[in-house]
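Could you put together the complete structure from these sequences and hints?
Protein chains: 2
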Amino acid sequence: MRKSIAVDMDNVIADIESHFLSTCEKEYGLKLDRELLKGKPEADAFPKDVIRKLLYTPGFFRSAPVMTGSQDALKNLMEDFDVYIVSAAMQFPHSLPEKFEWLAEHFPFIHWKYIIFCGDKSKVNTEFMVDDHVKNLDAFKGKPILYTASHNLNIMRHTRADDWDAVIKIVRTKN
Amino acid sequence: MRKSIAVDMDNVIADIESHFLSTCEKEYGLKLDRELLKGKPEADAFPKDVIRKLLYTPGFFRSAPVMTGSQDALKNLMEDFDVYIVSAAMQFPHSLPEKFEWLAEHFPFIHWKYIIFCGDKSKVNTEFMVDDHVKNLDAFKGKPILYTASHNLNIMRHTRADDWDAVIKIVRTKN
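Chains as they are written, first to last, in this note's numbering: chain G, 1 to 175; chain L, 1 to 175.
These aren't lab readings, by the way, just hints derived from the structure by calculation. For each residue, glycine too, the CB sits at the ideal point set by N, CA and C.
Simulated pairs of lysine-lysine, DSSO-like, Cα-Cα distance not exceeding 27 angstroms:
| hint | chain 1 | residue 1 | chain 2 | residue 2 |
| --- | --- | --- | --- | --- |
| 1 | G | Lys113 | L | Lys135 |
| 2 | G | Lys123 | L | Lys123 |
| 3 | L | Lys141 | G | Lys135 |
| 4 | L | Lys123 | G | Lys174 |
| 5 | G | Lys3 | L | Lys143 |
| 6 | L | Lys143 | G | Lys141 |
| 7 | G | Lys123 | L | Lys174 |
| 8 | L | Lys3 | G | Lys141 |
| 9 | L | Lys135 | G | Lys141 |
| 10 | G | Lys135 | L | Lys123 |
| 11 | L | Lys113 | G | Lys143 |
| 12 | L | Lys135 | G | Lys3 |
| 13 | L | Lys3 | G | Lys123 |
| 14 | G | Lys141 | L | Lys113 |
| 15 | L | Lys3 | G | Lys3 |
| 16 | L | Lys123 | G | Lys113 |
| 17 | G | Lys3 | L | Lys123 |
| 18 | L | Lys123 | G | Lys141 |
| 19 | L | Lys141 | G | Lys141 |
| 20 | G | Lys48 | L | Lys113 |
| 21 | G | Lys123 | L | Lys75 |
| 22 | L | Lys53 | G | Lys113 |
| 23 | L | Lys123 | G | Lys75 |
| 24 | L | Lys174 | G | Lys141 |
| 25 | L | Lys174 | L | Lys143 |
| 26 | G | Lys113 | L | Lys113 |
| 27 | L | Lys169 | G | Lys123 |
| 28 | L | Lys143 | G | Lys143 |
| 29 | L | Lys48 | G | Lys113 |
| 30 | G | Lys123 | L | Lys113 |
| 31 | G | Lys169 | L | Lys123 |
| 32 | G | Lys113 | L | Lys40 |
| 33 | G | Lys174 | L | Lys141 |
Some but not every residue of chain L turned toward chain G, in silico, with C-beta under 8 angstroms:
| hint | residue |
| --- | --- |
| 34 | Met90 |
| 35 | Pro93 |
| 36 | Phe117 |
| 37 | Thr126 |
As C-alpha cells, then:
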C-alpha cells in the first residue's frame with residue numbers, strides 16, 4: 001500500500017518568507033535583513049502590525065512565489081506516495097479560496113481530493129509530514145521532517161531538510 | 001485524554017436535503033416528493049442539471065438551514081469530547097468561505113482550530129465519525145456513525161443514528 005505524505009504550504013511549497021520580505025519593502029519601504037530573522041520566532045522577526053496587516057490583506061497568499069524545487073519534488077514523490085497538501089488555513093479564512101486557486105495554478109497535478117485545509121493538524125494521519133512548524137511536527141504520529149525556515153533554525157529535535165532535494169532523500173531513505 | 005469526534009456538515013449539521021427540496025421548488029418550480037428520494041443515491045434522486053447548478057451557485061451552502069438538534073448536541077458532546085467539523089468541501093471551492101461563515105454564524109462555539117475542510121476524509125484520524133456518506137465511513141479507522149439521510153436508508157453496515165439524540169446516545173455508550 002502506498003504511504004502518504006502531508007506537505008505544508010507556507011514556507012514549504014510557498015515561499016512566504018521571501019514574500020514577506022519583498023512585500024514589506026514594496027508596500028512599506030521596510031528593508032529587512034534576512035540574516036536578522038535567523039533563529040527568531042516568526043512573531044518576533046517582523047514588525048507585528050505589518051505582519052498582521054499582510055496576513056489579512058486579500059491577495060497576499062494568492063501572489064506568493066513557489067518554493068524552489070517544490071513542484072518537481074512533489075511530482076517525483078507522487079510516483080510512489082500519496083501526497084496530501086495540508087495547510088493550517090482556518091485562522092485566515094479569506095485565504096481559503098486564495099490557497100485553493102494558488103494550488104490550481106502552481107500545482108495543477110494535485111487533485112482536490114488531496115487537499116486538506118485545517119485549523120490544527122493533530123488529526124491528520126499520514127506516514128510523513130513535511131512542515132516548518134514544530135507545533136505541527138511535535139503532535140504528529142508519523143515521521144516528521146522539519147523544512148528549514150529562518151524561524152526554526154534553533155530547533156534540533158526533528159529530522160531537518162534544507163531544501164526539496166533533501167526531503168526526497170529523507171523520505172526515500174526512511175520509507 | 002479526551003476522545004475526538006469528526007462531524008460532517010452536509011446532511012449532518014446542515015440540512016442540505018431540505019435545502020435542495022425547497023430551493024428546487026423556489027428557483028425551478030420543481031416540487032419533489034421527499035418520499036421518492038428514499039433509498040436512492042443522491043446522484044439519481046435529483047435532476048442532475050439542477051443539482052449541479054445548485055451546488056455551484058454562490059450562496060447555496062451559506063443559506064442552508066441548520067439540522068434540527070445539532071447545535072445543542074454538539075454543545076453537549078463538547079463537554080467531554082473534542083468535536084471537529086470535517087467537511088469534504090474541495091470539490092466546490094467557492095463553498096470554502098461560505099461554509100466557514102455558516103459555521104461562524106450557526107456554531108460560533110466551534111473554534112477555527114476544530115475545522116477541517118478536505119477532499120476526502122481518509123486521512124482524518126478521530127475516535128468517532130458522524131457522516132451520511134458510507135464512502136467516508138468505510139475508510140474510517142475509528143467508530144463510524146451513519147447519520148440517516150434519504151440516500152443512505154438501504155445501508156446496513158454501520159451503526160445508524162436517525163437524529164442527534166441518537167448520536168449522543170451512541171457516542172456516550174460506545175465511549
